[in-house]
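Protein sequence lines, in the order shown, are assigned to chains A and B. The numbering of the first sequence is the numbering used here, which starts it at 1 and goes up by one. The numbering of the second sequence is the numbering used here, which starts it at 1001 and goes up by one.
Check the hints yourself; a few may be wrong.
Claimed, not checked - Here are some chain A residues the structure puts well away from chain B; computed CB gaps all over 10 Å:
#1 24
#2 126
#3 156
#4 274
Stated by the list, open to error - Among the chain B residues that face chain A by a calculated CB cut under 7 Å, a handful are:
#5 1049
#6 1052
#7 1055
#8 1173
#9 1179
#10 1184
#11 1194
#12 1198
#13 1203
#14 1205
#15 1207
No lab work stands behind these hints: they were computed from the structure. All C-beta atoms in this analysis are idealised placements derived from N, C-alpha and C, irrespective of residue type, glycine included.
Take a look at the letters that make up each chain.
Number of protein chains: 2
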Amino acid sequence: MSDLKQIGFIGLGIMGKPMAKNLIKAGFKLKVHSRSCGPVKELVEFGATKASSPAECATNMDAIITMLPDGPDSELVILGQNGVLEGVREDAVVIDMSSIAPGISQKIASSCEDKQVGFLDAPVSGGEPGAIDGALAIMVGGKQAVFDRSNGIFDAVGSSYVLCGDYGAGNTTKLANQIIVATNIAAVGEALVLVKKAGLDPQKVYDAIKGGLAGSNVLNAKGPMMISGNFMPGFRIKLHHKDIRNSMLTGSELGVSLPLTSLIQQMIVSLVNQGKGELDHSAIATFAESINDSKIS
Amino acid sequence: MSDLKQIGFIGLGIMGKPMAKNLIKAGFKLKVHSRSCGPVKELVEFGATKASSPAECATNMDAIITMLPDGPDSELVILGQNGVLEGVREDAVVIDMSSIAPGISQKIASSCEDKQVGFLDAPVSGGEPGAIDGALAIMVGGKQAVFDRSNGIFDAVGSSYVLCGDYGAGNTTKLANQIIVATNIAAVGEALVLVKKAGLDPQKVYDAIKGGLAGSNVLNAKGPMMISGNFMPGFRIKLHHKDIRNSMLTGSELGVSLPLTSLIQQMIVSLVNQGKGELDHSAIATFAESINDSKIS
């Protein structure tokens, strides 16, 4: 069993709140901090204690988990004034489970190393249902020894976790994940608009193809949303927008040409301009609708 | 049980040969015809009789199945001189399981109706393994009564079959299937080139993402081929090329804008120009390699 038993958890959003609850259920002692009071109150009723700043949340903890919207949030909460690194003790582990640019993960890792604090970037895939069920796929970057110490934590929130490489590798892997997911959603959307324009029933097409090579977790989870036109989030387009932007930035830094990802980015920018940023990312499929004045549903 | 017991089967290629064998195993009487002698001999040893032309293959049969490379082949074999419609009797059913343009299916259907012959377009997904295992996903277009009469045949070669609409709907659905498959392959390729350029091990990335929302039948079946660089066909790029070309043609006929499919078509044209047309379609992933002077494997 790991030596990491007391956890400071920062960021109780759609993902963070159920993850924190699963950690409590698994026997970890939690101290929590979040910008909004509601989820903090809910977690305190669930058995957590409360901290009024990231620094206080990190104090005397074995591990600190952050689950935040984007890289600048992680930087501020971990490296900023009253941040995690002002409270954390030596040999603790900071696990940033936010989905952010790999370069920022590497910067945070470097500051943690300067303080003899372990660091992992450990973004997840699986969305709110995965967070609630403790069934997230966790993509980890960092050192093997720190990863090994953290396995008990990952067991409590995930169904799989893989050390993909050194600092930043978790978030690089997450970018790959998000490229594949967004492109698949867009392709399903384009295909369903084509069949709808040909006079077919998209539901029948969905039934016919889901068992073949076109079958995917995206098709199973998102196809019915496209067919019904119900895009209640879930994971919002504006957050996928950030991931695709980070993919293009990382590609640019590494000198990698990403033509498909680039087209997906343009589609998402258009959808945000259409006022769809708050919809579930399955609505990326509606780009094909918008350029064809058509509806899948 | 269906009244369709005696089947003329035309086209014993990679897909047709195992499908014909599965029909014999299921108790159907088969008469076969194919351009190459080897598979015909093999099927005759397996219990089939032999016909020297499509017309002869169709004579006195309850159903005629064609499994051919492209639309012009289907037109020639069914409508041409010495073709199926010269031999077929009234009330028989012609089932074209080739993947062709929906417009050609509709043209063939019309000629069949003129002769009081039933017609279904019934392309498949699942590749050679699906054909061997009798586990194809079959996408069908045509009339309900003819579809119902043909269920016993589909049971023998497929694990699922759905009537997607009227004549051509099977092939329209197949186009949707092929758009999704090719785009997903290309997206996985682009994502894996990105992580490779970032210094990660694509195998670890594959392990980390396959259980999440990026997971798919393409990732399971084709990811290992990309990572090992083994693109033995399987389903060749030049055949996927034809399907994507038919998708763009159908989109053009219907006035549907298909930007992702269009980009995929350009990638495939480039791969054919690189001499990769005979590779498995998983090698669509190598487009990202070719533009980045990189290797996933």
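Here is what the structure says about each hint:
Once the 10 Å rule is applied to beta carbons, residue 24 of chain A is consistent with being away from chain B; the minimum gap is 24 Å. A beta-carbon of chain B comes within 10 Å of the beta-carbon of residue 126 of chain A; the shortest separation is about 5 Å. Listed as outside the interface, residue 156 of chain A is consistent with that label: its C-beta sits roughly 17 Å from the nearest C-beta of chain B, beyond the 10 Å cut-off. The non-interface label for residue 274 of chain A is consistent with chain B: the shortest C-beta to C-beta separation is roughly 16 Å, beyond 10 Å.
Hint status for residue 1049 of chain B relative to chain A: violated, with the closest Cβ pair at about 32 Å, above 7 Å. For residue 1052 of chain B, the shortest C-beta to C-beta distance to chain A is roughly 35 Å, which exceeds 7 Å, and the interface hint is violated. Annotation: residue 1055 of chain B was flagged as interfacial toward chain A, and the flag is violated, the nearest CB pair being 32 Å apart, outside 7 Å. A hinted interface residue such as residue 1173 of chain B counts as satisfied when its beta carbon comes closer than 7 Å to some beta carbon of chain A; here the least separation is about 5 Å, so the hint holds.
For residue 1179 of chain B, the shortest C-beta to C-beta distance to chain A is roughly 4 Å, which falls under 7 Å, so the interface hint holds. A least Cβ separation of about 5 Å between residue 1184 of chain B and chain A falls short of the 7 Å threshold, and the interface hint therefore holds. For residue 1194 of chain B, the shortest C-beta to C-beta distance to chain A is roughly 5 Å, which falls under 7 Å, so the interface hint holds. Checking residue 1198 of chain B against chain A by beta carbon gives a least distance of about 5 Å; that is within 7 Å, so the hint holds.
At a threshold of 7 Å, the smallest CB-CB gap from residue 1203 of chain B to chain A is about 10 Å, leaving the interface hint violated. Checking residue 1205 of chain B against chain A: minimum C-beta separation of about 5 Å stays under 7 Å; hint holds. The interface hint given for residue 1207 of chain B holds, since its Cβ lies 5 Å from the closest Cβ of chain A, which is under the 7 Å cut-off.
When each numbered hint is compared with the structure, violations occur for hints 2, 5, 6, 7, 13.
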